[in-house]
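**Q** Quick note, the sequences are listed as chains A and B, same order.
Under this note's numbering, the first residue of the first sequence is numbered 12, with each subsequent residue one higher.
Under this note's numbering, the first residue of the second sequence is numbered 12, with each subsequent residue one higher.
Because the hints were derived from the structure by calculation, they are not lab data.
Heads up, a few of these hints could be off.
In this list, chains with the same sequence are indistinguishable; a pair is considered to hold if it fits within one copy or across any two.
As the list claims (entries may be wrong) - Under the rule of at most 30 Å between Cα atoms (straight-line distance), these lysine-lysine pairs were calculated in the DSS-like manner:
hint, residue 1, residue 2
1, K42, K110
2, K91, K218
3, K154, K42
4, K154, K218
2 protein chains.
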Amino acid sequence: MFLVEVMRGGEMTKEITSLQNPKLKDAIKLKERSAREESGLFIIEGYREIKRAVDAGIHLQTLFFCPELFLGVNEPDLLKQITAAGSELISCSERVFTKLSYRDRPDGLVAIAIQMKYQLRDLIARLADKKTPFLVIAESIEKPGNLGSILRSADAAGADGVIVCDRCTDIYNPNVVRASVGTLFTLPVVEASSAETLIWLRSKKIKVVAATPSAQEEFTDANLQGPIAIVVGTEQIGLSELWMKAADKQVRIPMQGVADSLNVATAATLLLYEVLRQRKAPLHASTFLR
Amino acid sequence: MFLVEVMRGGEMTKEITSLQNPKLKDAIKLKERSAREESGLFIIEGYREIKRAVDAGIHLQTLFFCPELFLGVNEPDLLKQITAAGSELISCSERVFTKLSYRDRPDGLVAIAIQMKYQLRDLIARLADKKTPFLVIAESIEKPGNLGSILRSADAAGADGVIVCDRCTDIYNPNVVRASVGTLFTLPVVEASSAETLIWLRSKKIKVVAATPSAQEEFTDANLQGPIAIVVGTEQIGLSELWMKAADKQVRIPMQGVADSLNVATAATLLLYEVLRQRKAPLHASTFLR
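Make the full structure from the sequences, and use the hints.
**A** Structural data, given as structure tokens:
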């Protein structure tokens, strides 16, 4: 009933059929970083991602939807939830929606959301009740898909948060949102400089473990228990001198074949799950990094 | 000197400046699967990938190159090596080359190669001297990037080969080649049906370990020693009933956050490195799967 009313373009909703509509044009502009930074807004596409954002309390400014493209049966409930939260709903023709979507197979839902902009101090609240903080530092990752995958793995391995240092891609890039499958909204993700992050980690007594091919110790032999921040660097050149020097421990992932590296998100996942494994079944009687 | 001669379009090389050139058009067609299947050829782009192919004995039919786009200093040596192997060299203008390239930042090298077409029986020779075979089965993977990443991780973790069952994407897709960073050429990669693969694994006494979220046992608790084939399934629905039933053991990757799955290539990597870890430092005194 609700959906029918929405689709009719009743009181509660607007309808767009023209590609020249200014709201549509503004939304499309958010695919560009400059427009995201200027407006403080970003795009979330897809049922799963939007649902996770709304459930996590992210405020949506606008929801564009196209019922002809809906894939499931839960969309009307989500539309209700979003309407109740005070967001604007805009119904689109398929032609208009396709212009806005960045997916191969759009599912009829694109939201414009307000950027969260967490700071390092916001992480403190989250970490307050954690005896052994578990963080991921992603330094200057270039590809949005890699950064999103790191977030997805951080969520899966039970990390408490991710700090994106000296960013190359911004965390609000649509492909970060997509590759994170919405974990961007449930995991505290902070953008900060490497310098301030290092000072902050030191003040919290969180040890820094850097992944680098030049390390002696393999990651599964290293003691990764205790308060820890796993640091991974750019796809092309790895970690900066700053992080390499600051690391309390350097570890490497063994490479048995012809290739000399793994994808950065894959490497991060191996390290994060090794932390999880050691937390579940401690191998080392010693405390961390005596 | 050699490069200068090649660039001049001397005896040893041809030159293309027209987008209508039939050789160029045939090469571009190889981006489509139908053309790859009809011709038995495929495209390899990039210095690193082509070098790995040539070193691995893959026969190149043609090399298209554009010296203006070269990034390094080793390209002339590679051109010499390819010429010596009897392949045709074709120099291209930047405009022509860009049409052929599928990369954002082309490095001036695209090869047309003859498909390897390994069979299960070819794996036997490779496994003959292995006391404990270590294989990866990738069932019906849809995204070329994921399949390529699985190959890259299989190489890194020291697997003996990969069997691509009931393929969705073919292993000669340019994005498989790219994501594999050339490990497609150094690792035995076989395409086969699930049914014949299962019979073959049984005959070799190789145990099948399936990764599935519904398993009881976590992958790091399971004994993954002994002759093993790690099986992963499609991005959307996971492993087929056939493989789930055939598995000697089912294991799951713990998920601590809101997301209910990892990327299939990431999941495969975790399992492969767990096999490697257990081979290096056996935790279980027992033999595999009593």
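**Q** For K154 vs K42, is the C-alpha pair at or below 30 Å within one copy, between two copies, both, or neither?
**A** For K154 and K42, the Cα distance is within 30 Å both inside one copy (15 Å) and across copies (23 Å).
**Q** Using 30 Å as the alpha carbon limit, work out where K42 and K110 are close: within a copy, between copies, both or neither.
**A** both (12 Å within a copy, 26 Å between copies)
**Q** Using 30 Å as the alpha-carbon threshold, which applies to K154 and K218: within, between, both, or neither?
**A** Result: close within a single copy only, 27 Å intra versus 37 Å inter.
**Q** Using 30 Å as the alpha carbon limit, work out where K91 and K218 are close: within a copy, between copies, both or neither.
**A** neither (45 Å within a copy, 50 Å between copies)
Going down the numbered hints, you'll see the structure goes against just number 2.
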